[in-house]
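Chemist: For reference, the chains in residue letters:
2 protein chains.
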Amino acid sequence: MSEITKVALDAMGGDNAPAAAVKGAVDAVLKEPGVHVFLVGQEEKIHTELEKYNYDKERIEIVNATEVIEMAEPPVMAIRRKKDSSIVIGMKLVKEGKADAFVSAGSTGAVLVGGQVIVGRIKGVDRAPLAPLIPTAKGFSLLIDCGANVDARPAHLVQFAKMGSIYMKNIMGVENPKVGIVNIGAEEEKGNALVKETFPLLKETKEINFVGSVEARDIPYGAVDVMVCEAFAGNIILKMFEGTGNVLISKIKEGLMSSLRSKIGAVLIKPALKNVVKSFDASEYGGAPLLGLNGLVVKTHGSSKSKEICNTILQCVNFHNQRINEKIRECIQAESDSVE
Amino acid sequence: MSEITKVALDAMGGDNAPAAAVKGAVDAVLKEPGVHVFLVGQEEKIHTELEKYNYDKERIEIVNATEVIEMAEPPVMAIRRKKDSSIVIGMKLVKEGKADAFVSAGSTGAVLVGGQVIVGRIKGVDRAPLAPLIPTAKGFSLLIDCGANVDARPAHLVQFAKMGSIYMKNIMGVENPKVGIVNIGAEEEKGNALVKETFPLLKETKEINFVGSVEARDIPYGAVDVMVCEAFAGNIILKMFEGTGNVLISKIKEGLMSSLRSKIGAVLIKPALKNVVKSFDASEYGGAPLLGLNGLVVKTHGSSKSKEICNTILQCVNFHNQRINEKIRECIQAESDSVE
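As you go down the protein sequences, you meet chains C and B in turn.
Using the working numbering, you'd call the opening residue of the first sequence number 145 and step up by one each time.
Using the working numbering, you'd call the opening residue of the second sequence number 145 and step up by one each time.
So that you can see chain C by itself, here it is in the shape it has in the complex (with noise of 0.2 Å):
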């Protein structure tokens, strides 16, 4: 049997909060037993909240955090600064060995700031990368490093596919994930000098399943299992993804509002049409975990509703039950002694 998975989340983080939050909570508690919330931030505010709903009052909890930091803060201020803000207060919870996992819709900034300087990295973990899942026409591929840590090097992304690799392994299921390096051109000669570098050393890495270049083109159709690449060129990617995902679909909304004929054929397509929205949308996966920290600390989009933070915080069970710190401590670990 699996021990009880702590969670704090951030009550206060979001264009939602507090109500998103509380109900993510409530519904993940129904949902899941082998979970606890801590719902940290403004007491009352939640307390509102939560009296909505009829849940098992000994399994969520709330710890009192008087600040929040706001979305356009300078972060590395926002974290020095706000000791009593939701971010800190939960991130000092898992610091201290009182939560395995801390959840944030608020400040992507603060979130990563904090999760270095107070949850603080694995020992050999050079950087920590955020790794989002990003719905493709097969499933879904991890991306790693999608907005952690610009100009990173060589030896950083392939700490990158060895932890995306156990992280698809062991929460996704996916058996010797295929492993790529985002590129310009599907040749080893191609790329920028970071790319070039960091493609042989790739390729000598025992632990993970290299398979070569991956073209951008091809990131969509499901090319490869996990994508590894610096933070600038991954928050690309994402955005690329959100944004002409949702430019389309509302360009296709307009289309089909354009004639009578077309407004009757909208009808009839509708449930189908509302199949496939769905199936590109990133929150069915919950948030994006940041990878390599003395626990866990997940992001969940600035506008999440219930439904994200409820899978966010089932994803965090899933996570603490598979051990996947232990798991990317020993493969680490492995790496610093082959070099002694």
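Hint data in this document are derived by calculation from the structure and do not stem from the laboratory.
Hints are supplied without guarantee of correctness; some may be wrong.
If you anchor each label on the Cβ, the simulated ranges turn out as follows [what the hints assert, rightly or not]:
#1 B/225 <-> C/344: 22 to 32 Å
#2 B/403 <-> C/197: 34 to 44 Å
#3 C/394 <-> B/397: 12 to 22 Å
#4 B/403 <-> C/225: 50 to 60 Å
#5 B/214 <-> C/465: 26 to 36 Å
#6 B/337 <-> C/333: 23 to 33 Å
#7 B/447 <-> C/283: 24 to 34 Å
In silico DSS-like cross-links for lysine-lysine, where the CA-CA straight-line distance does not exceed 25 Å [said to hold, decoys possible]:
#8 B/418 <-> C/422
#9 C/422 <-> B/422
#10 B/395 <-> C/407
#11 B/451 <-> B/282
#12 B/282 <-> B/422
#13 C/471 <-> C/236
#14 B/451 <-> C/395
#15 C/313 <-> C/175
#16 C/395 <-> B/397
#17 C/407 <-> B/414
#18 B/347 <-> C/422
#19 C/418 <-> B/397
#20 C/167 <-> C/236
#21 C/347 <-> C/322
#22 C/414 <-> B/397
#23 C/451 <-> B/395
#24 C/395 <-> B/282
#25 C/350 <-> C/267
#26 C/340 <-> B/340
#27 C/407 <-> B/201
#28 B/449 <-> B/201
#29 C/397 <-> B/340
#30 C/422 <-> B/397
#31 C/189 <-> C/451
#32 C/167 <-> C/196
#33 C/167 <-> C/449
#34 B/397 <-> C/282
#35 C/227 <-> C/313
#36 B/239 <-> B/227
#37 B/347 <-> B/334
#38 B/451 <-> B/201
#39 C/226 <-> B/334
#40 B/414 <-> C/414
C-beta atoms are modelled at their ideal positions from N, C-alpha and C, and glycine is treated no differently.
Since the structure of chain C is already known, use the hints to place chain B on it.
Modeler: Relative to the frame of chain C, chain B by itself:
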């Protein structure tokens, strides 16, 4: 009155050669009285295609070139060795002033290398960027650079911004085009080392209307008219745009065939959907120019059909009549004068 624009067209490049090139050339001379086309490639094959059409024989000329550069050949070697290829012969026509522009649907690498070493850069231009138009929710934006110069330096990006602005103003008729630098956040302090160093330089550049950072998420909405980036990022943007669009549209088509109800709806919405797909089709705008060369070089999609070839030839006429290269020369010259 404008003078005649002479366009050298690679009849052997692309998936549909030589048929698409020949038909594109015929369509262009029928539509535009001010153009003369050199069809460069294997004489007999071109001749067989040309015989199918009625056109003014004086306005399309065949220039024999016995060799063909294949898509997979290493570009530098191909340009050096295949002296009698359609790409080398066509570019020499531009170099020698016999043609004003060269158009190819062939190997991107060979076109980029040939542009630099055969046609040559305008004095003062450090790198020649590839600059396609990307369809957006509002119309189109210029992406510069999308494939020519990985690991570019800040000064190169400033030149890209200037050349892109001249193109958008004079060719696409966008008054005072908004220039943005592709970034992973809106704030000036965000970005990788290249972006942080380039941002203040763009801010100081008087010749352009710099509006700051543009996030990838906002690109498909048409947030700016000219998007400046180095080629690795630019290539990812272009390919993610194409790949995401293609996957989403094929998923929607699949969804429409999933039930009788949706099949009936599909028939009704077909014309409306077709319009949307067309508005997202980059080939409507012709090919991607390689800017800053002593003459115009344009790369069209490998899969180009005659329509895209024809549109690209008309785009060359516009480029020539608007004296884009003279304007680039003046703008870059002013820069080196001010440095002295």
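Chemist: Could you run down the list of hints and mark each one as holding or not?
Modeler: Here is what the structure says about each hint:
1. B/225 <-> C/344: 22 to 32 Å: Given about 28 Å between the Cβ atoms, the range holds.
2. B/403 <-> C/197: 34 to 44 Å: holds (37 Å)
3. C/394 <-> B/397: 12 to 22 Å: Since residue 394 of chain C and residue 397 of chain B have Cβ atoms about 18 Å apart, the given range 12 to 22 Å holds.
4. B/403 <-> C/225: 50 to 60 Å: Since residue 403 of chain B and residue 225 of chain C have Cβ atoms about 57 Å apart, the given range 50 to 60 Å holds.
5. B/214 <-> C/465: 26 to 36 Å: Given a distance of about 53 Å, which is not inside 26 to 36 Å, the answer is violated.
6. B/337 <-> C/333: 23 to 33 Å: holds (24 Å)
7. B/447 <-> C/283: 24 to 34 Å: Holds, since residue 447 of chain B and residue 283 of chain C (Cβ atoms, about 27 Å apart) stay within the stated range.
8. B/418 <-> C/422: holds (22 Å)
9. C/422 <-> B/422: Holds: residue 422 of chain C and residue 422 of chain B sit about 24 Å apart, inside 25 Å.
10. B/395 <-> C/407: With a Cα-Cα distance of about 21 Å, the restraint between residue 395 of chain B and residue 407 of chain C holds, given a limit of 25 Å.
11. B/451 <-> B/282: Given pair residue 451 of chain B, residue 282 of chain B holds - Cα atoms ~23 Å apart, limit 25 Å.
12. B/282 <-> B/422: holds (14 Å)
13. C/471 <-> C/236: Holds, at roughly 23 Å.
14. B/451 <-> C/395: holds (24 Å)
15. C/313 <-> C/175: Between residue 313 of chain C and residue 175 of chain C the Cα gap is close to 24 Å, so the pair holds against 25 Å.
16. C/395 <-> B/397: holds (15 Å)
17. C/407 <-> B/414: Between residue 407 of chain C and residue 414 of chain B the Cα gap is close to 11 Å, so the pair holds against 25 Å.
18. B/347 <-> C/422: Not OK: residue 347 of chain B and residue 422 of chain C at ~41 Å, beyond 25 Å, violated.
19. C/418 <-> B/397: holds (13 Å)
20. C/167 <-> C/236: Roughly 23 Å separates the two Cα atoms, so the pair holds.
21. C/347 <-> C/322: Roughly 12 Å between the alpha carbons, so the hint for residue 347 of chain C and residue 322 of chain C holds.
22. C/414 <-> B/397: Status holds; Cα separation ~13 Å.
23. C/451 <-> B/395: Given that 25 Å is the threshold and the Cα spacing comes to 24 Å, the pair holds.
24. C/395 <-> B/282: holds (11 Å)
25. C/350 <-> C/267: Satisfied, since the Cα-Cα distance of roughly 21 Å is no more than 25 Å.
26. C/340 <-> B/340: holds (23 Å)
27. C/407 <-> B/201: violated (50 Å)
28. B/449 <-> B/201: Since the Cα atoms of residue 449 of chain B and residue 201 of chain B sit roughly 22 Å apart, the hinted pair holds (cutoff 25 Å).
29. C/397 <-> B/340: The hint is violated at about 38 Å.
30. C/422 <-> B/397: Measuring from Cα to Cα gives roughly 15 Å; hence the hint holds.
31. C/189 <-> C/451: holds (20 Å)
32. C/167 <-> C/196: Holds. Residue 167 of chain C to residue 196 of chain C sits at ~9 Å (cutoff 25 Å).
33. C/167 <-> C/449: Between residue 167 of chain C and residue 449 of chain C the Cα gap is close to 9 Å, so the pair holds against 25 Å.
34. B/397 <-> C/282: holds (16 Å)
35. C/227 <-> C/313: violated (37 Å)
36. B/239 <-> B/227: holds (14 Å)
37. B/347 <-> B/334: Distance of about 15 Å is within 25 Å: holds.
38. B/451 <-> B/201: This hinted pair holds, its Cα atoms lying about 21 Å apart.
39. C/226 <-> B/334: Holds: residue 226 of chain C and residue 334 of chain B sit about 21 Å apart, inside 25 Å.
40. B/414 <-> C/414: Cα-Cα ~14 Å, so holds.
The earlier numbered hints that this structure contradicts are 5, 18, 27, 29, 35.
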